[in-house]
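K.L.:
Using the hints provided, position chains V and W relative to the given structure of chain A.
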Amino acid sequence: MSLVLDMFTIIAVLAGAFFFLAGTVGLLRFPDTLARLHALTKADNLGLGLVVMGLLPQAEWPLDAFKLIAIWLFALLAGATVGQLMARTARRGRTTS
Amino acid sequence: MTIPDFLLAAAVFVLATVALGLVRILRGPNDADRMMATQLFGTGGIAALLLLGVATEANAVLDVALTLALLAAFASVAFVQSISLADGEDPKETKSQ
Amino acid sequence: MTLALAVDISLALLVLAVAGWIIAVRDTFAAVVGFVAYGLLLGLIWVRLAAPDVALTEAAIGGGLTGALLIGAAARVRKTETAARAEYPGTLIRTLAAILAVTVAAVLALGILALPDPAPTLAPAVAASLATTEVGNPVTAVLLAFRAMDTLLEAIVVLLALIGVWSLTPDRVWGGYPGPRRPVDPDGVLAWLARLLAPIGIIVGLYIFWIGADLPGGKFQGATILAAMWLLVIGAGLADTPPVSRIWLRILLVTGPLVFIAIGFAGAITAGAVLAYPEGYAKPLIVAIEIALMPTLVLTLALLVAGAPQRLPPQ
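Chains A, V and W are the protein sequences, given in the same order. Going by the numbering used here, the first residue of the first sequence is number 1, and it counts up by one from there. Going by the numbering used here, the first residue of the second sequence is number 98, and it counts up by one from there. Going by the numbering used here, the first residue of the third sequence is number 195, and it counts up by one from there.
FYI, nobody ran anything at the bench for these hints, they're computed from the structure. Every value quoted in this text rests on a predicted model; they were computed, and no experiment measured them. Yeah, the Cβ is synthetic: ideal placement off N, Cα and C, and Gly gets one too. Mixed in with the good hints, there may be bad ones.
Which stretches of chain A does chain V cover? Using the computed rule of at least three CB atoms under 8 angstroms from a CB of chain V, they are [claimed, not checked]:
(1) 11-25
(2) 40-53
(3) 66-77
From the derived model, a few chain A residues whose C-beta atoms are all more than 12 angstroms from chain W [unchecked claim]:
(4) Met-1
(5) Leu-3
(6) Val-4
(7) Asp-6
(8) Leu-28
(9) Phe-30
(10) Pro-31
(11) Val-82
(12) Arg-88
Okay, chain A solo, but in the shape it has when bound (with noise of 0.2 angstroms):
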């Protein structure tokens, strides 16, 4: 049983490490603001929460398991709104103070 969590862990852990290679390269590469963007929420949501997923079968239940959640909802809630806003603000034209 325990191999299979390990392989599961290894195998999110991995995932989510993919997803922020994407996220960086997309961040470096892609043409315009609101396209980086999408790279970025993409690293936000799918990198952390697939590390999260990963990390879940290793850590102590009950407290270090809903921290990561909390950990993982956290960041999701704070990527939502600043990618919307921030895609608001991008498409008006407005990318600088």
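P.N.:
Coordinates of chains V and W only, in the frame set by chain A:
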């Protein structure tokens, strides 16, 4: 390779990846891109801290990641607000559409 | 070269690179964004140095609160930046300043490298006396028992900083509301985030404050989280900054240091020295000081970021 070693290696990989994204801070070309690079770095830092915390079984590191998640959200929101409040306030900036 | 050494060298080089960029860049706003990244990076370095309390404080203050403070300041200064650039000091003064800075850094580096190995430290003394303070976290014991004087002075200094910020108020609006009037959009994205995140953030802040007795955490980090959540609610327009003329505000601001001072002088009578705790009462007194300091710190940090009053006081 045991699971803690793997998690540590993953932490270093994620950190190196999002550190590369900091180049976007250098290149710009506008402030929104720079803030997005910082946010990616923040999320990657949170992921690296989570991997580190579970690998070394140090709960304190999870608390650091928790604080970082909350405060990074706050800093990003402050940034987006300062863009929309400068150069004449647009009261419909946050209006849902 | 082991992995740990490679990580350390990479982190050190990254810090230098980001710091160099912050100083070299022309645009204030970009420098502030770089500063937020720098704060996050320093937080990671503190974790690497096995100092989670410092990492908590760095992540909270350096990454979040100071970042928001500087972002607001940079946005306000933006209109006058080009005019101010004409008054930059000349090359000679800047070179002299650079030489001074490099000299100080070199002296510090030589001092640290010249330390004997192992370096002199009070850590064993703290560990030996930890049981007398009845707290489990040695950092909390040092801050609130062995070096309580420093914490007391720090609380007063932060209060003085707030008064310094208030001293920038134009006479006309003295006692008024800090910060601009935020546009309210109860259905907007920002209000949604504030409603969802703030209650959970408050719980997290109180949790970090409470575990400071035995685990890394404490009043300063907890107060920073609470202040950030309050500022989030203010920024979304769901609440307004309190006018600085309010009595409850001023009472709460001075309560923390006053309680601290009172307990300190009471210690002179009951335990023989100022800021000494009588036998067996150490932990309740430490908790009382922390609880009294919490509102002070939350208000001070939030009001520092909110800034000097800008709008007329209530009639």
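K.L.:
For each hint, tell me whether it holds in the structure or not.
P.N.:
Consistency of the hints with the structure:
Counting residues of the segment 11-25 of chain A whose CB lies closer than 8 angstroms to any CB of chain V gives 8, so the stated coverage by that chain holds, three being the minimum. By the rule of at least three residues with a Cβ nearer than 8 angstroms to a Cβ of chain V, the coverage given for the segment 40-53 of chain A holds, with 7 such residues. Chain V is given as covering the segment 66-77 of chain A, and this holds because 7 residues of the stretch bring a CB closer than 8 angstroms to a CB of that chain, at least three being needed. Even its closest Cβ contact with chain W, about 30 angstroms, leaves Met-1(A) beyond 12 angstroms, as expected for a residue assigned away from the interface.
Annotated as non-interface, Leu-3(A) keeps its C-beta farther than 12 angstroms from every C-beta of chain W; the closest such distance is 25 angstroms. Every CB of chain W is more than 12 angstroms from the CB of Val-4(A) (nearest about 28 angstroms), matching its label as outside the interface. Once the 12 angstroms rule is applied to beta carbons, Asp-6(A) is consistent with being away from chain W; the minimum gap is 21 angstroms. No Cβ of chain W comes within 12 angstroms of the Cβ of Leu-28(A); the nearest lies about 15 angstroms off, and the non-interface call holds.
Every CB of chain W lies more than 12 angstroms from the CB of Phe-30(A), the least distance being 19 angstroms, so the non-interface label holds. Under the 12 angstroms C-beta cut-off, the non-interface status given to Pro-31(A) relative to chain W holds; the minimum distance is some 20 angstroms. With 12 angstroms as the threshold on Cβ separation, the claim that Val-82(A) sits away from chain W is violated: the shortest Cβ distance comes to roughly 9 angstroms. Chain W draws Arg-88(A) into its interface by the beta-carbon criterion, the shortest separation being 9 angstroms against a cut-off of 12 angstroms.
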